[in-house]
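Using the hints, position chain B against chain A.
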Amino acid sequence: MSRLFLASVLAIAIAIAAAPLATSPVLGQAARTYTAPKTAWGHPDLQGWYSNLSENGTPLERPDQFAGRKLEDITGAELQAIKKAAQDRTIASFAGPLHAPEDWWQKDLNMVKGSQAWLVIDPTDGKIPPLTEAALARNAARAEARRANPRGPADSWEDRSLYDRCITRGLPGSMMPAIYGNSYQIVQSPDYVAIRYEMIHETRLIPLDGRPHVSSKVRTHMGDARGRWEGDTLVVETTNFREGEAYRGSNGATLRVIERFTRVGPTTVKWQVTLDDPSTWARPWTFAMPLTMDDTQPVLEYSCHEGNLGLRNILSAARAEEKAAQEAAKAGR
Amino acid sequence: MKNRFSVALALTLVVILSSSAIPLKLKGQGGAPARPARTPDGRPNLNGIWQAMSTAHWDLEDHSPAAGPLYQMGAVGATPGGQGVVEGGAIPYKPEALAKKKINFASRLSLDPEVKCYMPGIPRATYMPFPFQIVQSPNMILMAYEFASSDRVINMGKRVEAAVDTWMGTANGKWEGDTLVVDNTGFNDQTWFDRAGNFHSDQLRVVERFTLMGPDHIQYEATIEDPQTFTRPWKISMPLYRRVEKNVQLTDFKCVEFAEELLYGHLRKDPSK
Numbered sequence: 001m002s003r004l005f006l007a008s009v010l011a012i013a014i015a016i017a018a019a020p021l022a023t024s025p026v027l028g029q030a031a032r033t034y035t036a037p038k039t040a041w042g043h044p045d046l047q048g049w050y051s052n053l054s055e056n057g058t059p060l061e062r063p064d065q066f067a068g069r070k071l072e073d074i075t076g077a078e079l080q081a082i083k084k085a086a087q088d089r090t091i092a093s094f095a096g097p098l099h100a101p102e103d104w105w106q107k108d109l110n111m112v113k114g115s116q117a118w119l120v121i122d123p124t125d126g127k128i129p130p131l132t133e134a135a136l137a138r139n140a141a142r143a144e145a146r147r148a149n150p151r152g153p154a155d156s157w158e159d160r161s162l163y164d165r166c167i168t169r170g171l172p173g174s175m176m177p178a179i180y181g182n183s184y185q186i187v188q189s190p191d192y193v194a195i196r197y198e199m200i201h202e203t204r205l206i207p208l209d210g211r212p213h214v215s216s217k218v219r220t221h222m223g224d225a226r227g228r229w230e231g232d233t234l235v236v237e238t239t240n241f242r243e244g245e246a247y248r249g250s251n252g253a254t255l256r257v258i259e260r261f262t263r264v265g266p267t268t269v270k271w272q273v274t275l276d277d278p279s280t281w282a283r284p285w286t287f288a289m290p291l292t293m294d295d296t297q298p299v300l301e302y303s304c305h306e307g308n309l310g311l312r313n314i315l316s317a318a319r320a321e322e323k324a325a326q327e328a329a330k331a332g333r
Numbered sequence: 001m002k003n004r005f006s007v008a009l010a011l012t013l014v015v016i017l018s019s020s021a022i023p024l025k026l027k028g029q030g031g032a033p034a035r036p037a038r039t040p041d042g043r044p045n046l047n048g049i050w051q052a053m054s055t056a057h058w059d060l061e062d063h064s065p066a067a068g069p070l071y072q073m074g075a076v077g078a079t080p081g082g083q084g085v086v087e088g089g090a091i092p093y094k095p096e097a098l099a100k101k102k103i104n105f106a107s108r109l110s111l112d113p114e115v116k117c118y119m120p121g122i123p124r125a126t127y128m129p130f131p132f133q134i135v136q137s138p139n140m141i142l143m144a145y146e147f148a149s150s151d152r153v154i155n156m157g158k159r160v161e162a163a164v165d166t167w168m169g170t171a172n173g174k175w176e177g178d179t180l181v182v183d184n185t186g187f188n189d190q191t192w193f194d195r196a197g198n199f200h201s202d203q204l205r206v207v208e209r210f211t212l213m214g215p216d217h218i219q220y221e222a223t224i225e226d227p228q229t230f231t232r233p234w235k236i237s238m239p240l241y242r243r244v245e246k247n248v249q250l251t252d253f254k255c256v257e258f259a260e261e262l263l264y265g266h267l268r269k270d271p272s273k
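In order, the protein sequences belong to chains A and B.
With the first letter of the first sequence counted as 1, position 63 gets the number 63 in this note's numbering; the numbers rise by one all the way through.
With the first letter of the second sequence counted as 1, position 98 gets the number 98 in this note's numbering; the numbers rise by one all the way through.
Treat the hints with care, since some could be wrong.
[As the list claims (entries may be wrong)] Sample of chain A residues with no beta-carbon within 12 Å of chain B, all distances over it, derived:
(1) 34
(2) 64
(3) 90
(4) 94
(5) 96
(6) 97
(7) 101
(8) 110
(9) 127
(10) 142
(11) 229
(12) 260
(13) 266
(14) 284
[Said to hold, decoys possible] Derived DSBU-like pairs (lysine-lysine); straight-line CA-CA distance at most 35 Å:
(15) A/330 <-> B/269
(16) B/158 <-> A/113
(17) B/116 <-> A/217
(18) B/158 <-> A/38
(19) A/107 <-> A/84
(20) B/235 <-> B/94
Think of the hints as simulated: they come from the structure by calculation, not from any bench.
Ideal placement from N, C-alpha and C gives every residue a C-beta, glycine not left out.
Next comes chain A alone, as it looks inside the complex:
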């Protein structure tokens, strides 16, 4: 009797000890034992609805408080405390007289389930590599152009972000978590993988047939994607980005975004993104996060532009403020 009791205590203790490993799929521990199911045509099956809402608020780079520490060492209670603090900060930042009803998004926001203290996994210090001379010169030229031709925050729609304008969050931005709209869907056929993004609404169509990239004259917001299977990993290489809007000020002509999608558990796909642009960073760098399959979070239609009263109101409010200032100046004269 007591031996049985001891055994079950031991089993529970082992389960608890092993738990941090099982909940850190992004770091790869689970990948060694799990084999993804296959589609009828033999490709790893990634199809379904995903969310990465709980990864919201995770900093891209390693915060200074963790200097000298490894990403995989920050787990358990320490990680949960960080996530809880981030959750409280996020909710507090939306307090005030003007905000959406709390039950629209707060009840689903559970950052405590977030799996990482930061996202950059390579270099191992968690920091984006230094900018090249060319990138520093490019940034300086852009800053100079802004100084020479100063503009207000809402002189026209062009002063607002592509996100505000419901055009795109670009790449990899379209899969970076926000407080709502974090649903994604993957659909596969033998020759294509399609990825749908709820926020703004994007559909990426990724050919697997080995065709070359389109001409460098064809530049699009989401770039030109090519995919291939490397074992059980879907590798997607995207190029042909537009000038002036490529990720983190990089060069749209030379940036390569290399994504790796690996199903590492029944409900988890590891999403790993390498940013390679020799004209921007001293060396390629990589971040990663898990995407969690969740049938309760289907991609719904986000008619962002169709309902974009926000942009209209931002512009009309700016014009109203200018008019009020003019009238105040006249009255004071």
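Chain B alone, transformed into the frame defined by chain A:
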């Protein structure tokens, strides 16, 4: 000699017989590789990039060539004439709805959702002058349209009801023999059928039928039901053509930025002030 003749005859018969049903492989044109006629789960293989070639996107009904709404566009903005795609010729509007259609046409530059880069809805997305791509999986079929990055996923599993009314609707599909039948409901009343102002209410239901007719053709039919706008259900049909160019792909047409001056131009800061 006689023997050889009968062998040749038998071979010919085999060739004819095997090509009468959907063959095992469909030979592509324009350098495209041969593609299987059926998916691994035995359905007609609709995977590919498709486009309509009719003048339906100008006007579903029979129409003569006509000048466009902007004289500055000259011949570029004019409407080519064409034979309609409506079975029986005319859309069976209720009288008050027909009056609204005429107002829509007269004010199309300000009212047509296409001008503003709004999602085109169903069936309009199918026959706009842009290609669309089908990604076919056993339980879901994605149709991604070049125009406005719009898309929809046809649910092939247990029927789902629309959570809310949307621009692209909620699509439930099933196979009737070799025809994909898609039942679309849950639409809002914001989309049009064409540039002629043909429209519907939020009572719209569209039942589409996609039938593969050969390696590079789909016969497309849509039955349109909206008791608030029409006196009876009516049907359109047209072929869809495979885009057979080597390495053809959709090129994102994110048209929002082409409509912003039109939509927000009056809210731009006046540099003279």
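Quiz prompt | Enumerated hints in conflict with the structure, sorted upward | solution = Failing hints: none at all.
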